[in-house]
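Below, each chain spelled out in residue letters.
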Amino acid sequence: MSARVYIPGDAGATSVGADAVAQAIAREASRAGGALELIRNGSRGAYWLEPLVEVATPGGRIAYGPVTAADVPGLFAADFLKGGQHPLLLGPTDGIPWLAGQQRLTFERVGIVDPASVADYVKHGGYQGLKQALSMAGSAVVQTITTSGLRGRGGAAFPTGIKWKTVLDQSAAQKYVTCNADEGDSGTFSDRMLMEGDPFALIEGMTIAGIAVGANQGYIYLRAEYPHAHRALKTAIAAAYQAHYLGSDVAGSGKHFDLEVRLGAGAYICGEETSMLESLEGKRGEVRVRPPLPAIKGLFGQPTIVNNVVTLASVPWILAHGAEAYANFGTGKSRGTLPIQLAGNIRRGGLVERAFGLTLRELLYDYGGGSASGRPIRAVQIGGPLGAYVPPSQFDIAVDYEALSAVGALLGHGGIVVFDDTVDMARMARYAMEFCAIESCGKCTPCRIGSTRGVEVIDRILEGTDGERNIRLLEELCETMVQGSLCGLGGMAPFPVQSALKHFREDFRARTRQ
Amino acid sequence: MRTGLYKASRGEQTYTADLIMQTLNPGDTATVRRIVSELKGRPGPLLEVLHAVQSALGYVPAGAVPLVAEGLNLSRAEVHGVVTFYHYFRHTPPGAHTVSLCQAEACQSRGAEALADHARRRLGVDFHATTADGRFTLEPIYCLGNCACSPAAMIDGRLHGRVTPERFDALIAEQS
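Protein chains in written order, with this note's numbering: chain C, -12 to 501; chain U, 3 to 178.
Looking at chain C on its own, in the form it has when it is part of the complex (with noise of 0.2 Å):
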């Protein structure tokens, strides 16, 4: 038997060296002479561990890690295809404690299986939802969503159930799933993780959505900074039309969905759905006055459900293992598991999957370890750039939708950026509206000039130039675009500027030129 060895073909793992890892020990391998099966799986999301190598043993994998090519003799000479001792052995890789806490469900297969083969997710309990949903009426699969309490993980946290239903109740000739992998917000790669390691957990999810709602076509709206998940969900696509669950017959139903990868270009806008459909169209992407939901007039004016990348992902598991079981995790009207991303400046950065409900306190320093630069954290900024800053007397605070948004903070799409105490709030602040101007698309006032306008406020602040009016300037401007925006762009990209003046006040003062 040749041993298996697992090195991540993921971005974020290539990005620290995994590529040139996995030739060294390919090389290493062919010069011992010993055969050796290479699979480029997903990341098991505990970044601060890649490069991570993993060799499958009797006892199950074991992992080593970080892991660099200048290693790859050593592991070999401490037989590490067998679980030899090593300076960077990290046990058996369910038993780290960082991932063996989590509860993952959404993610159960990332970093597991090789998210090029449709056999490998067969095995690892794949496509039991789709089964069950073929054996179900649409309304029953639309039913048991509901139930589930799933709701948007795009974002806007709107119940999933409630969507499909209003997309099932139409009557047209074509309807439209459509994925939002317009993963723009900074903090965030739950999407990118879920595409490049396993990308059938979202053809399985859109394909039961297609059934369950009469959709017969499907496209992933992805973002043109991803061309690793670009090609994984080619390779899978192509896997699964070629293994007919995707295309005319799908798992031998008689059911049709088509489905195909359409590339954005750079405009954070286009994450807002409105937006998102319109570049589908081939358009600008300038947002839609609403209504019409997209549910009812979405792409190409047919009904079209719009759920984001772990949404969709979700729903094989919900149909697999039922409603019940994914709504006795989580608290309140947040109810199963939420893929957190733990970015910036922190020690151990990555993927926690857990139930709703757990603190920020537990995710920054029971998860976390504390900043990465080894001082002390000053402020997190929750949910991208329109998420708002949360300073530490808030970290005690439960990560649901509702225990969130009681604190003016909002859960996004569950990144948590993490600033030491060397961040300039102000600063943070004028980025958040120059962030606004550049990507706005433009349509209505309050968001294409009030962004601007922010900008040079805060300036002039920073100048020293009328402080304390132009604060309460920048106050009533914030108020202005969130009431008068037309979409959560500019209604909601004063958030981080609103918490900053609130939390951290005293960054908004007058300072000397470099």
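Treat the hints loosely; a few may be bogus.
Unchecked claim - Here are the simulated lysine-lysine pairs, DSBU-like style, with alpha carbons at most 35 Å apart: (1) Lys242/C / Lys42/U; (2) Lys110/C / Lys320/C; (3) Lys430/C / Lys42/U; (4) Lys221/C / Lys42/U; (5) Lys270/C / Lys42/U.
As the list claims (entries may be wrong) - With the Cβ distance kept under 10 Å, some of the chain C side facing chain U (calculated, not the full set): (6) Tyr34; (7) Ser173; (8) Arg179; (9) Pro214; (10) Leu250; (11) Gly331; (12) Gly336; (13) Gly337; (14) Ala359; (15) Phe406; (16) Val410; (17) Phe422.
What the hints assert, rightly or not - Some but not every residue of chain U turned toward chain C, in silico, with C-beta under 8 Å: (18) Leu146; (19) Gly147; (20) Gly159; (21) His162.
The set of hints was computed from the structure by calculation and includes no laboratory data. Ideal Cβ positions, reconstructed from N, Cα and C, are used throughout, including at glycine.
Fit chain U to the known structure of chain C by using the hints.
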């Protein structure tokens, strides 16, 4: 925000009058025509066409706009509007290597601004510009999804994480 003024103030390239007057050479014209005829039957094909043009030519030349408009039965204004809306589409040819540095929050928390300053000095150009020898184009980018390995950079579609100034120099030296 996409007014010409704002782009110009950021140093971004946009279509200027002399660019718009340029016509494509016969080879590029044939390429654009072939792409349009291959893709025009697809639903909402314009973005797909522009991606294919940029993949083939390295950018979307102003001279391609009328060809695309004619082939897809759109107005030139509509095509121009789409090309200029999206940051990803280039209006001028890039350097041999495109270096994109993430400037979003997670990377800022790990020194992205200092890295950008270093990169500007090392390459001798600002963002949105190409080195005089045509080897490198430097671009800002807003999130590469590598936020647990910040700061991140992408060079010709390859992602790099935990990029220190020293590592940046080594990566630049590796580009042939």
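Quiz item: Going by Cβ atoms only, is His162/U closer than 8 Å to chain C?
Solution: For His162/U, the interface hint holds, since the closest Cβ of chain C sits about 5 Å away, which is under 8 Å.
Quiz item: Does Leu250/C pass the interface hint, meaning its C-beta sits closer than 10 Å to a C-beta of chain U?
Solution: For Leu250/C, the interface hint holds, since the closest Cβ of chain U sits about 6 Å away, which is under 10 Å.
Exercise. Using 10 Å as the Cβ threshold, decide whether Phe406/C counts as touching chain U.
Key: 5 Å, holds
Exercise. Classify the hint on Leu146/U as holds or violated, based on whether any CB of chain C lies nearer than 8 Å to its CB.
Key: Leu146/U check passes; min Cβ-Cβ to chain C is 6 Å, inside 8 Å.
Self-check item: Interface hint for Pro214/C, Cβ within 10 Å of any Cβ on chain U
Solution: Hint on Pro214/C: holds, closest Cβ of chain U at ~5 Å, below 10 Å.
Quiz item: Can the hint on Gly331/C be confirmed by a CB-to-CB distance to chain U that is less than 10 Å?
Solution: 4 Å, holds
Self-check item: Interface hint compliance - Gly147/U to chain C, C-beta minimum distance less than 8 Å
Solution: 4 Å, holds
Quiz item: Does the nearest C-beta of chain U fall within a distance shorter than 10 Å of the C-beta of Gly337/C?
Solution: Given a least distance of 5 Å, the restraint on Gly337/C holds.
Self-check item: Restraint status (C-alpha distance of Lys221/C to Lys42/U at most 35 Å)
Solution: 21 Å, holds
Quiz item: Given Tyr34/C as an interface hint, is the shortest Cβ-Cβ distance to chain U below 10 Å?
Solution: 4 Å, holds
Practice problem: Compare the distance between the alpha carbons of Lys270/C and Lys42/U with 35 Å, and conclude whether the hinted pair is satisfied. | Solution: 14 Å, holds
Quiz item: Given Ala359/C was flagged as interface, is its beta-carbon under 10 Å from a beta-carbon of chain U?
Solution: 7 Å, holds
When each numbered hint is compared with the structure, no violation occurs for any of them.
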